[in-house]
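Number of protein chains: 2
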Amino acid sequence: MHFLLGVVMASAGKEPKSDWKEIQPGIWRAQIGSADKPTLTDAGRAVAKSERLAAMPQGKLPFSLDSVGLKKSKNFATVHIPLGKDEKIFGLGLQMKGADRRKGIYHLRVDHYDQGNDRLHVPTPLYVSSAGYAVFLNTSRPTNFYVGIGNRLDDQSRPPFRDRNTDRKWDDQPPSDWVEASVEAPGLEVIVLTGPTAMDAIRRYNLLCGGGAMPPMWALGFWHRTPSLATAQNVLDEANEFEKRGFPLDVIGLEPGWQTRSYPGSMEWSKERFPDPSGFLTKLSDKGIKVNLWENPYVAPETDLFQKLGNKFGSHTVWLGGAPDVLDKKARKTVQDFHKAKHPGVSGYKIDEVDGFDVWLWPDHAEFKSGPDGLQMRQIYGVLWQELLLDMYKKKNERTFGLVRASNGGASHLPFAIYSDTYDHRQYVTALTSSSLAGTLWCAEIRSASSPEEWVRRMQSACLSPIAQLNAWADGTKPWSFPTVNETVKEAMLLRESLVPYLYTAFAQYAMDGTPPIRPMSLVDGGTETDQYMIGDSLLAAPMFTGETSRTVRLPKGQWCEYTTGKLIGENQKITIKPDLNQIPLYVKAGSAIPTFKNPTSVAKGISSKAILVRAYGRLACSGLLYEDDGRSFNHEKGDFGMFQLQTSDREVEATHLAGSRTTPSIQFEVIRLD
Amino acid sequence: MHFLLGVVMASAGKEPKSDWKEIQPGIWRAQIGSADKPTLTDAGRAVAKSERLAAMPQGKLPFSLDSVGLKKSKNFATVHIPLGKDEKIFGLGLQMKGADRRKGIYHLRVDHYDQGNDRLHVPTPLYVSSAGYAVFLNTSRPTNFYVGIGNRLDDQSRPPFRDRNTDRKWDDQPPSDWVEASVEAPGLEVIVLTGPTAMDAIRRYNLLCGGGAMPPMWALGFWHRTPSLATAQNVLDEANEFEKRGFPLDVIGLEPGWQTRSYPGSMEWSKERFPDPSGFLTKLSDKGIKVNLWENPYVAPETDLFQKLGNKFGSHTVWLGGAPDVLDKKARKTVQDFHKAKHPGVSGYKIDEVDGFDVWLWPDHAEFKSGPDGLQMRQIYGVLWQELLLDMYKKKNERTFGLVRASNGGASHLPFAIYSDTYDHRQYVTALTSSSLAGTLWCAEIRSASSPEEWVRRMQSACLSPIAQLNAWADGTKPWSFPTVNETVKEAMLLRESLVPYLYTAFAQYAMDGTPPIRPMSLVDGGTETDQYMIGDSLLAAPMFTGETSRTVRLPKGQWCEYTTGKLIGENQKITIKPDLNQIPLYVKAGSAIPTFKNPTSVAKGISSKAILVRAYGRLACSGLLYEDDGRSFNHEKGDFGMFQLQTSDREVEATHLAGSRTTPSIQFEVIRLD
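Chains A and B, in that order, give the protein sequences. By our numbering, the letter at position 120 of the first sequence is numbered 120, and the numbering carries on one by one without gaps. By our numbering, the letter at position 557 of the second sequence is numbered 1557, and the numbering carries on one by one without gaps.
One or more hints might be untrue.
Pairs of lysine-lysine, DSSO-like flavour, derived with a Cα cap of 27 Å [claimed, not checked]:
#, chain 1, residue 1, chain 2, residue 2
1, A, K329, B, K1072
2, B, K1085, A, K330
3, B, K1308, B, K1394
4, A, K71, B, K1394
5, A, K557, A, K85
6, B, K1329, A, K74
7, B, K1072, A, K72
Keep in mind that the hints were calculated from the coordinates and are not lab data.
In isolation and in its complexed conformation, chain A is listed as follows:
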């Protein structure tokens, strides 16, 4: 519980040479040449949370900053960083394969994910070491990382020479004791984040980027996206069907057909399909359902928004539409004003198609008058749209949460989750685990399945990801589309709803401490598993995949209990489990108190019930955090929140105030002991 353990300490004692400056507590920066503006933190308008950084424990680097090579050559800026023989390296973007990045080359570019480790939805140039530090390249140009590979002729230490003619140990890629990273640009801002642990280094990164995104509470419920050409009536019918069948529903997402035209779009309501947007939104709002609108940023020439933007577009079209130059302040405001005027009552957006390479978007050489070329703009376009939409909602003092298909560094504070056109379940879970190493959130949405088993297993994973979403854009699948597993699917969705108070608290830790809600094993204890992860401080999830009847789970240090039964299952060991289809492998650290909604149906109802069931695992005295605020405004940023430590004893719960102006919880507690 980082929230409690934070201790104010002076920054690291030794002063490295003048190349390096401590820009925030425990965060060092060196500048090579002149940075190609905007940097990533510029693009995301990230404001570091200095006080929270100052409250962190002090870390120590395993190398001297003076030993880091910083070089500007004709076309490149390069950094050369020592790498200990036993260090494990993790991160380098929203990766969908593996966790170990120790020996490899990574060309980090925004793209829709296809294969490999290079073209990613979120290519955050950030890696973290098991030795308890992280390195972040604060540049919006594409980056190249050579991790433990690629020896320089002048490197002090190099592996032994071998003769391929005769030596069977000859290595076709000799290892190196360095990470080298480069950018084709006039300069580069290199940021080194100290620990003491790898998790602490990631926390520092997130706090540098403004702290993690704090969603409105409704965003943690269940999302459903209706088919592209659905009418208002179709959508209302569908919402009623959820209610009738007893499936929870918190957010409905509308797909391209809500607009008069799409690809490129108008960003205006189709009068044909949505004759009365305001009435439509009110009807859903009355049921406690929020509406999210799909859009891509490309504007059709004959539309109102196109006229308003004047000449503030990039040089190249996307599907023949203009790409607004939203780094330009006027264009940014025009887009904000248009959204504000045209979509009152909408809770947020799904920003599509900001992740194509030049196959879908503009070429590298495209020009944007605000400064960046096309290559650079592709790296940050998703970030710029997230930021401008967040800013619009901030001015309304209303929290938003949305989806986006590309992001980058500097964006931890932006309230959007990433989704993808890929659909490999195992890769989706890997993406969950790597998203936290990229300073982002992943939505392991479900869309379709080829069997009831797959439908259940995917739904269970979706319900244990930051955003739990069914995206029926293409084929109109419903939660009940596989009737034989209706109850099992509903159980997963209701489990999700019940966990909202716990998840909301985990997000508060993300916002205040930088600790990500989804925690990969690499940050928990240096593990390389990509098929299990922790949610918040106390839960361990180990999703099942279609066709599997058993799997292994590695339990970290401490005792672990089954979530549902409380049964103790092991400690610091690998176990093999054989869960039935209706069982979700979800475990709780013994001694944890997990706050849940007592009667989960939807978030709106959960909030209004003001009833929290605290699940206490394995011991008489359990503890856990509970965060509370108004669930929807930015008032928490001014102190209007309460963070409490819950302490259970038999059937009692004691809530100790830790922080915030709310000194007592507004809710009723009940305890269930599972020991």
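Chain A is already provided as a structure; the job is to place chain B on it using the hints.
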């Protein structure tokens, strides 16, 4: 026969605005910004054949040069060229898939071929249009081409807008009427080559690059590479085995084990495996067999060459060896002197491993003191090594021919053929057809087969490619390794040997007229087939692939005969053929006279026999070219050659002198009529 038809004409009449300059007859250049030196023609030290260019027919562009957009932006130089609705576009490097490049994006970079159209052994930034012109970007930086795709907001003509919500004709990649190409560099040299035909535009390109490579005659025979760790005695035994079994052999290639060490290497003879290199070479030379040495350019630190090169290496190692900075004049000379001193009597080299991306070679940001960064140096490293080796042989007035795994534009005159670690037979034939659009030569070598049928079909293709090579580096395969097809394989090899006079003449046309010896259908008549091609003026090859018992062949205009029988098989039509395993689908244009060796055994014996059998097809009066020179020196460049037109009538051959100081052929003719 371009050789005859050349007419001196004035260059195109209209003077475009000052951006464009006619640098050679029918070749226009525009300079955007300042070119990032060296250009490709600089790297290859190409000297244009101005007189031959002046002798070409005049071409006309389908667009005005003034309508070409030339732009320098912050980081890129871009050219924007009109594209007619009906134009077919071919080229863009040594492609292994398809011929049609009309709608696509190409990022041309040197790499070992894996898949796609981007990373190529030879990424020559050159395309040719069916409208009879070509465009060449004379830059050694990686290039990006957007062909018929990617509309600018300010383009005058764009396709109609469509609404994806409702219009089924909505196009996810709307076509454009432009080719846009760019380079991330301070400038770009754009070269437009006129026709009149697409073939003429390619001829102009090759003549701009110094004319095609003229191999020594021995290089057109049969090559065999021995296993990596073979000793001198092993190699001699193998050569004897060829002789004993009656298989022709002209060149033996030695693989890494000839060196004291490899990967990185010493470039010195292993005393252990080759105790007496000079005696070894003499023994082979006495049999008329040349020796080719494998090497990669990377130098092991503890070696003599490493010492001699001093600090003239790139910043990064390759397999821990130094990468000589051979753009530096002193380094280039050091490498040349070392080769000259250490390997007297060797006929040429196989330059391996110059095609890796940063996975095998150095990173983009590597530094070479001669100027280029690693990104640029990877694009030209193969070219630089080819050129320095050619230059060394030129100074000895001895022709060489070798193999190389990467090349680029500006290299048509360099006597090397490309090979690859890939091994898809169909891709190999596609590469044959595309090599001529990249100004290079392809070696469709054989290495192994999983059946006698495959062995035969691959051998037949290999024997109809610029270099006919069996590369037994890895597993020691011999031509006779599949005993049931021994005679069929031998037939293919002897057919190859018999064709050497015809092939040699085709190469002379390449050197003097720029007309490539292997002619893709795209250049012959705009066809898009990649599984058939012409060899020289008169032969049409249509290789068979394993598992096929029949195929279609498209016969271009004119009548066509079977090569072996002379049987007329059709004209200007598609035919379906069902060749037996021992039949090579090879056709001859009726009216052609094909000069062949009468008693093919090996090139050395063919030369000494001075006996040419002229194969006359389809008509009483047939004609064809015959080129003659000393077969081994550069004296032909000073006029010591003879180009003759052969004219047959019944059993007589008349040879009319066309060019060169040799006015009568030195050989005996016989005619065989196949009509």
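Margin query: Tell me if the straight-line CA distance from B/K1308 to B/K1394 falls inside 27 Å.
Written below: 23 Å, holds
Next item on the list: Could you grab the alpha-carbon distance between B/K1072 and A/K72 and see if it respects the 27 Å cut-off?
Entry: Between B/K1072 and A/K72 the Cα gap is close to 23 Å, so the pair holds against 27 Å.
Notebook entry, point to check: Are the Cα positions of B/K1329 and A/K74 separated by 27 Å at most?
Noted result: 21 Å, holds
Notebook entry, point to check: Within 27 Å, alpha carbon to alpha carbon, are A/K71 and B/K1394?
Noted result: 41 Å, violated
Notebook entry, point to check: Within a Cα-Cα threshold of 27 Å, do B/K1085 and A/K330 meet the stated pairing?
Noted result: Answer violated: B/K1085 to A/K330 is near 39 Å, above 27 Å.
Notebook entry, point to check: Is the straight-line distance between the alpha-carbon of A/K557 and that of A/K85 27 Å or less?
Noted result: 25 Å, holds
Next item on the list: For the pair we were handed, A/K329 and B/K1072, check the Cα-Cα distance against 27 Å.
Entry: Answer holds: A/K329 to B/K1072 is near 25 Å, not above 27 Å.
Comparing the model with each numbered hint stated earlier shows that hints 2, 4 do not hold.
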